Amino acid sequence: MAIVLNGKTFDIGCPITIKNLLESKGINADRVVVEVNYQIIVKQEWDSFLIGDDDQVEVLQFVGGG
Amino acid sequence: MEDKLIIGKFELSSRLFIGTGKFSSNAKVGECIKASGCSVVTVAVRRIDFETPEENMIRFIPSDCILMPNTSGARNAKDAVRIARLAREAGCGNWVKIEVISDNRYLLPDNFETVKATEILAKEGFVVLPYMNPDLMVAKALKDAGAAAVMPLGAPIGTNRGLRMKEMIRILIEEIDLPIIVDAGIGRPSHAAEAMEMGAAAVLVNTAIATAYDPVAAAFAFSLAVKAGRLSFTSGAPKSWQYAKASSPLEGFLDSLTD
Numbered sequence: 001m002a003i004v005l006n007g008k009t010f011d012i013g014c015p016i017t018i019k020n021l022l023e024s025k026g027i028n029a030d031r032v033v034v035e036v037n038y039q040i041i042v043k044q045e046w047d048s049f050l051i052g053d054d055d056q057v058e059v060l061q062f063v064g065g066g
Numbered sequence: 001m002e003d004k005l006i007i008g009k010f011e012l013s014s015r016l017f018i019g020t021g022k023f024s025s026n027a028k029v030g031e032c033i034k035a036s037g038c039s040v041v042t043v044a045v046r047r048i049d050f051e052t053p054e055e056n057m058i059r060f061i062p063s064d065c066i067l068m069p070n071t072s073g074a075r076n077a078k079d080a081v082r083i084a085r086l087a088r089e090a091g092c093g094n095w096v097k098i099e100v101i102s103d104n105r106y107l108l109p110d111n112f113e114t115v116k117a118t119e120i121l122a123k124e125g126f127v128v129l130p131y132m133n134p135d136l137m138v139a140k141a142l143k144d145a146g147a148a149a150v151m152p153l154g155a156p157i158g159t160n161r162g163l164r165m166k167e168m169i170r171i172l173i174e175e176i177d178l179p180i181i182v183d184a185g186i187g188r189p190s191h192a193a194e195a196m197e198m199g200a201a202a203v204l205v206n207t208a209i210a211t212a213y214d215p216v217a218a219a220f221a222f223s224l225a226v227k228a229g230r231l232s233f234t235s236g237a238p239k240s241w242q243y244a245k246a247s248s249p250l251e252g253f254l255d256s257l258t259d
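These protein sequence lines are chains P and E, in that order.
Mapped onto our numbering, the consecutive letters of the first sequence carry residue numbers 1 to 66.
Mapped onto our numbering, the consecutive letters of the second sequence carry residue numbers 1 to 259.
Some hints could be false.
[Unchecked claim] Okay, derived cross-link-like pairs now, DMTMM-like style, lysine to aspartate or glutamate, Cα gap no bigger than 25 Å in a straight line:
hint, chain 1, residue 1, chain 2, residue 2
1, P, K8, E, E124
2, E, K78, P, D55
3, P, K43, E, D49
4, P, K19, E, D103
5, P, K19, E, E2
6, P, K25, E, E113
[Stated by the list, open to error] Here are the in silico distance ranges between beta carbons for each label pair:
hint, chain 1, residue 1, chain 2, residue 2, range
7, E, D214, P, D47, 42 to 52 Å
8, P, E23, E, M168, 26 to 36 Å
9, E, L108, P, K19, 36 to 46 Å
10, P, M1, E, D49, 16 to 26 Å
11, E, V216, P, L50, 45 to 55 Å
12, E, S13, P, K43, 28 to 38 Å
13, P, K19, E, S232, 49 to 59 Å
14, E, G91, P, E23, 41 to 51 Å
15, P, E23, E, A237, 39 to 49 Å
16, E, L108, P, I40, 28 to 38 Å
If you are wondering where the hints come from, they were derived from the structure by calculation, not from laboratory data.
Note that the coordinates shown come from a computational prediction; the quantities given were computed from them, not determined experimentally.
The beta-carbon is built from N, C-alpha and C at its ideal position, and this holds for glycine as well.
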């Protein structure tokens, strides 16, 4: 089972919640935003929303910019 | 009467906005913001690099600063709208700088797509500050579309070439009843003062501070220039004259000595 995560193929063993995905990557959830298949998933749903096969996932943060 | 800058219901304590790109470190960003006293700061939205995750730079920005995410990376209105919605969901308020660029050499903004994005995002309750190539008819369209301010470029991003678009900016200041914030190309504090003396409501500076030899000193210098320029504008600069007008009295002279 594979997803596209930030533009790269990423294998997941089985459907995974956003919360668990971020934790597995060591990402602090503060000021992070997640989009799955072009839909923004609000933070309150991160521990219930399941990412599955072929999903396109974007995990974004703020960086310096003008 | 106090001279206030109010945008999106916020009364801003500083007319210097700072961009946070190109700094040598996140800590330096924080020091410069503090030195400048600025109250609006831009940031960008990017994918997290899981291999080398960056520290969260928001932690270095004082909590009383207004964060204004830009839509850099957007090549059209659809991209800009998507990025703005993502930025708002990340939880830093509802301000957005619309930046739609598909020209890679000069990074000039696409005015047409910027108007489209402004209309959509203003209807969704964003405080929209569009970055644009100064054009009076586009500025009017941006105002009609619900922009909270208009941000014309002084010169292309990162060039430090000053107010190359001065005359067009002057026309916007005269004709458009919105704060006009000069954004891009400001390379020196004197450029910032020049913009403020013309009547710009504020200026946005990034490269000139971030890449200065001493960014903290540069940030402070820009803050002084913005204040000086604004005071000059509100105090009313005197006329200029072709011929000299003496500064000292023309009576009471000593007789001139002759040989």
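The hints, checked one at a time:
no., hint, in the structure
1, P/K8 to E/E124, "violated, 32 Å"
2, E/K78 to P/D55, "holds, 21 Å"
3, P/K43 to E/D49, "holds, 20 Å"
4, P/K19 to E/D103, "violated, 38 Å"
5, P/K19 to E/E2, "violated, 49 Å"
6, P/K25 to E/E113, "violated, 36 Å"
7, E/D214 to P/D47: 42 to 52 Å, "holds, 47 Å"
8, P/E23 to E/M168: 26 to 36 Å, "violated, 51 Å"
9, E/L108 to P/K19: 36 to 46 Å, "holds, 42 Å"
10, P/M1 to E/D49: 16 to 26 Å, "holds, 23 Å"
11, E/V216 to P/L50: 45 to 55 Å, "holds, 47 Å"
12, E/S13 to P/K43: 28 to 38 Å, "holds, 31 Å"
13, P/K19 to E/S232: 49 to 59 Å, "holds, 54 Å"
14, E/G91 to P/E23: 41 to 51 Å, "violated, 19 Å"
15, P/E23 to E/A237: 39 to 49 Å, "violated, 60 Å"
16, E/L108 to P/I40: 28 to 38 Å, "holds, 30 Å"
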